[in-house]
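> Listed here are the chains, written in short residue letters.
Number of protein chains: 2
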Amino acid sequence: MTLKLHNFFRSSTSTRLRAALNLKGVDFDYIPYVLRTGETRTPEYLAKNPQGLVPTLEREDGTFMTQSLAIIEWLEETHPEPALLPKDADGRARVRALSYMIACEIHPLNNLRVLFRLRDQFDADEEAQKDWFTHWVTTTFDAFEAALTHSADTGTYCHGDTPTLADVCLYAQVWNNKRFGIPLDPWPTIARIYAALDQLPAFAKAAPPQQPDAA
Amino acid sequence: MTLKLHNFFRSSTSTRLRAALNLKGVDFDYIPYVLRTGETRTPEYLAKNPQGLVPTLEREDGTFMTQSLAIIEWLEETHPEPALLPKDADGRARVRALSYMIACEIHPLNNLRVLFRLRDQFDADEEAQKDWFTHWVTTTFDAFEAALTHSADTGTYCHGDTPTLADVCLYAQVWNNKRFGIPLDPWPTIARIYAALDQLPAFAKAAPPQQPDAA
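Chains S and Z, in that order, are what the protein sequence lines are. According to the working numbering, the residues represented by the first sequence are 1 to 215, in order. According to the working numbering, the residues represented by the second sequence are 1 to 215, in order.
Keep in mind that the hints were calculated from the coordinates and are not lab data. Any given hint could turn out to be false.
Derived pair list, reagent style DMTMM-like, types lysine to aspartate or glutamate, alpha-carbon separation capped at 25 Å [stated by the list, open to error]: (1) Z:K87 / S:D88; (2) Z:K4 / S:D153; (3) S:K4 / Z:D153.
With the sequences and hints as input, model every part of the structure.
Here it is in structure tokens:
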């Protein structure tokens, strides 16, 4: 199966999906888009993904899949090994909750189109955008750190000693934070896990600077 | 099993979880919190949910679950019938993608703490907040409507003729839209599905005005 990944090197949701594909050992062709110039707003691209967002996964049969977490859950169901979710329902709920803390509480508030909207609606300059971005990272990373330190399930990674969906989301978010130079010092457990993830080729290969369209 | 649902009548994520619990036929005790007065920011509540958000599901064994979608996936795994996700991997991916369009692209941008932040950081008044809120609803509902109309999988509800996770998210979002009086006219398929959902007791019972803490 050769999949086509329509994506952008710096997109956090694209980084998630690249890491998950790498972890599953699934090959893909890399199709880059420049978000700032509207390459995902063309009629041709909107036919693939009506939201005009990245990533979109194109399958051999010509169908398209959207929303990074929906695609990763599909990968988990169709390529079960190595597992990105624990086997037990409680563990799965914990991993998904950690994942959604990032996917539903940080990333949606901080992506490029939101920063553009802040600029357009509220004249938010780079400094105001950084305050906004940092506020949402801090709010949720404080709680994420607490969730990690208060649970015996936390291991080398967010849940045990093999990487899960939560690590995929965390790794991509830490990369996203670098856009505004947010250091990890306030969150030692997150920092430790990020460093461990960065040692894994599946993650390191998914990092923005390693992509063909990296500036 | 008697579960305790820590929640707030108008919270969209609480509405999602109430609808899912109702659909699964799982009883719960309703524990209301007033968000505006900080009742979810107390040390006692933060010990239940380090994010200080609703909903939190408290189980009989005294453990707590957070993040509405993680809890609903757990419900699906532990109470499989009636199913809120299709049996086939492609269908599951479609339902999850529709769900995340709302859960990751609309709701996170429009909840109360975000509106408060807009007010505090950018002096956004009620009118500016409404513009912001409406912008994100419109952006994603346009794409959601397209995703529904372009797929043969759309039925009485978002996916086929039984309600799924996507309907749970959609129903809660339409209720949330009422806060700013956003009419559904631009999205006839969404309007049709919402009306159908509102006929189902599991959904109607989960609606904000039906809750004990409704103003």
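> Evaluate each hint against the coordinates.
Evaluation of the provided hints:
1. Z:K87 / S:D88: holds (19 Å)
2. Z:K4 / S:D153: At roughly 24 Å apart (the allowed maximum being 25 Å), D153 of chain S and K4 of chain Z satisfy the hint.
3. S:K4 / Z:D153: holds (24 Å)
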